[in-house]
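Here is how the chains run, residue by residue.
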Amino acid sequence: MSILVDRSTRVIVQGITGKEGSYHAMACREYGTLVLGGVTPGKGGTVHEGFPVWDSVRDAVEAVHPDVSLIFVPPAFAADAILEAADAGIELIVCITEGIPVQDMMRVRRILDIRNEEGETVRLIGPNCPGIITPDGAKIGIMPGYIHKRGRVGVVSRSGTLTYEAVWQLTQLGLGESTCVGIGGDPIRGLNFRDVLALFEKDPETEAIVMIGEIGGEDEEKAASFARAHMTKPIIGFIAGLTAPPGRRMGHAGAIVSGGKGSARDKMKALESYGVIVVDNPSVIGRTVAETLKSGSYRRVPACHA
Amino acid sequence: MNIHEYQAKELFRSYGVPVPSGVVVDSAEEARTLIESKAGIFGGTAQVFAVKAQIHAGGRGKAGGVKIAKNTSDIPGFVAALLGKTLVTHQTGPEGRLVRKVWIEEGAAISREFYLSLVLDRSSRRISILASTEGGMEIEEVSASHPEKILTLSVDPEIGCKGFVGRRVAAFLGLPVNLYNSFSALLANLYRFFTETDCMMVEINPLILTGEGRLLALDAKVSFDDNALYRQDNVLALRDLFEENELEIEASKHRLNYVKLDGSIACMVNGAGLAMATMDVIALAGGTPANFLDVGGGASKETVEQAFRILLGDPAVKGIFVNIFGGIVRCERIAGGIIAAAKDVKLHVPLVVRLQGTNAKEGREMLRDSGLNLQVAEELFEGAEKIVLAVKGAK
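For the protein sequence lines, the chains are X and R, in the order given.
Going by the numbering used here, the first residue of the first sequence is number 1009, and it counts up by one from there.
Going by the numbering used here, the first residue of the second sequence is number 90, and it counts up by one from there.
Looking at chain X on its own, in the form it has when it is part of the complex:
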C-alpha cells in the first residue's frame, strides 16, 4: 500500500510541450509512471516525444481516463489550468508551478472547496511543490527518483531539496519511504499537513511519518494538534527557519514570520507539546526515525482514546 498514487495511477501532463513539462513528463515515464499524454491548447492531435497531445483536459479525459493531472503551466495561466482539470473531473491535481499570484490561489482553493462540499472529490497537491512519489510505483513530479526506496516511512513537506535530504537519509538507512508528498511552499495550497497525516495514519505500509515544515502560518501546529487527537503512528518533525529574521520572505512565498506569528521556535514548541518528536538538526532526521522505530516502545495514544 501507499497513499494517493501507485503503479496503476494514470497521469496526464498539462503544459506537456513546454520545456519543463516535456522534460519531466519523460523523466516520470522513465521512472515507470503511466504517463498517457498531455494537454497544450492549440496543439491537440500532435504527438510530442511519443506522448499524444490534446487541446483540453476534457479531451484527454475522454480519450484516456486519467486519475491525475500534473501541471507545469506558467504562473499566469496556472490557476486556469487547475480549474480546468477540476472541471474535467480529475480527482488528483499536482501543480508544480512556482510563482502563482496568491489571490489566484485563494479563488482556486475556494472553488475546489465548493466542489468537494457538493460531493465531488478533487484534491490538489501544491502549487510550488516537487510533487508526489510512491517509490517503485509512480513518480509524479520533479524529484530525482533514484534517491527513493520503497519502505516504511511516509514523508510530507513544504520544501523540495530539504525533502530530498531527509529521503536520502531514510534510503541510506534502509528504512525507505511509503509515499512522499511535497505540499508546497506557497501560503495558500491544496492538501495540507493534516490531510496527508490522516492518509498516512490509514495506510498499513506507513509505520512512521517525517513532517518537514518551515516558518510562516500555523499549518504545522494544526496538523500536530490533529495528530495528538487522532494518530497512533510516530511523527518526526523538523522546522526550517530558526535563524530567519521576522518580516522577511525566505524564498518560498509562504516562508515569512509576520505579526509575531509563525516563528520556527513557536512551531517546534507547539509540535513537541502535541507529542511530535522534533529534531533541530536536519542531518539526524533519518537516524531519529530509525531509533524511534527500533525502540518499538513508541506508540502514540490518540487523545480521543486516552
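Treat the hints with care, since some could be wrong.
[To be verified] Using C-beta positions, here's what the derived DEER-type ranges look like:
1. X:Lys-1210 / R:Asp-433: 13 to 23 Å
2. R:Glu-339 / X:Arg-1273: 28 to 38 Å
3. X:Tyr-1031 / R:Gly-150: 50 to 60 Å
[Unchecked claim] Calculated Cβ distances over 10 Å to all of chain X for the following chain R residues:
4. Arg-201
5. Asn-267
6. Ala-274
7. Val-438
8. Ala-483
Just so you know, these hints were derived from the structure itself, not from any lab.
Remember, predicted model here, so these are calculated numbers, not experimental data.
Virtual Cβ for every residue (Gly too), placed ideally from N, Cα, C.
Given chain X, put chain R in place with the hints provided.
Structure of chain R alone, referenced to chain X:
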C-alpha cells in the same frame, strides 16, 4: 513589495478611499516655493499641517519622523530637519533608514480614531478584515491586551465585500448609523483596491472620524504580492530601490533569491527550504549565517559565479558554505561550476563545499583534485562544522 505612504494615499484616492490632501517634496526649498505660491493645500483654508518622513517602515511617529506644523512658516524647517535624517524605528533595524522624501498634508480635527486593515489571511485562505476601536495603537498590542476590541472577519471571495459586511464592521466600531453607508463604501473600495492590485496587506492606522463627521485615512500602509507584479505595471512603477538592499537588488537581477542577514558565514544552497535549514545548521554548529541564498535548480557556472560575487560583496563575510543536493542537476556539473567560478572571483575566504545526491562522489573528487583551497563535505552538519572551524582558525 512595499510602497511609501504618499504613494499608498494616491492609490487610495484613485479608488475612492478618502485621504487628506497633501504634497510630497524632496527639499525644504521645494516646500518653501509651494507655500509662497499658495499652491495646492497651501492655498486653502488649512491652518495645521502634518509633515511626515517617507520610509518603508512603521513606527515613524515615535522615532520623531512626524511633525505637526501649526503655521506654514514652520514647514520648511521641519522638512529640512527630516530630510537626510536616518530614522531608527522598531521596524528598521539598528541601522535605520535614510529619509529622502517628505509628505506634507492638511491636518484634520480628530473626533475618533479606529484601526482598519485587510490582509490575505493564509489561515482562513481568504481576505480578512481586521477592525478595532483602538486606532493609533499597534494592533499586536491591542490583540494581546484587549482582543475583544478587535473584530476579525473573512470575506468569501465568491461573494465579495458587500454592504452587509460593511454595516457589520461599522456597527462593531460604534459608528453613528448615518455613517454606515459611507463606511461600507470606503470598505468596499478598499477591498476592490486590494483585489485589483494584488495586495497582501493594507493597513489604515488610524482611520479617523473628523470633527465634521467625515471618515479619513490618516495613514496608509500597503504591501503587494511579489508573484503578481508581472500583471501590475502601475504598482511596479512605484518600487523604490533606495529602500532595498543593494546586494539583494543585484541578486534579483540574476534571478537569485538572496536575503542579507547579520552573520559572518555566507551560504549558497539549491532550494529555499534547504537554504533555511543550512542557515540553521550553521548556527547549530556555532556560527552565524550571513545570508539566505537559493540558487535554484540550475546552478550553472555563471549562476555560481554571480552568487559568489554577491556573497563576497558583503564585507562581514568570513567564510562560504556551499550546500547542494543534486537532483535533476548533477553534482559533477555543479563542481565544475564552482571550480571555474572560484578561480574567476579569486576567493579570499575559506570555502567548504558539501555535495550530496546525483553523482556526488564524482563531484567531490573533482573538487579535491582542483588544487583550490577548499574543503569538501558529505554530510550537512559535517560541512557546517568545517566552515565554522575554518572561519575561527582564520581569525
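Right, here's what the structure says about each hint:
1. X:Lys-1210 / R:Asp-433: 13 to 23 Å: Cβ of Lys-1210 (chain X) to Cβ of Asp-433 (chain R): about 54 Å, so the range 13 to 23 Å is violated.
2. R:Glu-339 / X:Arg-1273: 28 to 38 Å: Given range 28 to 38 Å: holds, Cβ gap about 31 Å.
3. X:Tyr-1031 / R:Gly-150: 50 to 60 Å: Given range 50 to 60 Å: holds, Cβ gap about 54 Å.
4. Arg-201: holds (25 Å)
5. Asn-267: Holds, since 34 Å exceeds 10 Å.
6. Ala-274: holds (22 Å)
7. Val-438: holds (20 Å)
8. Ala-483: holds (22 Å)
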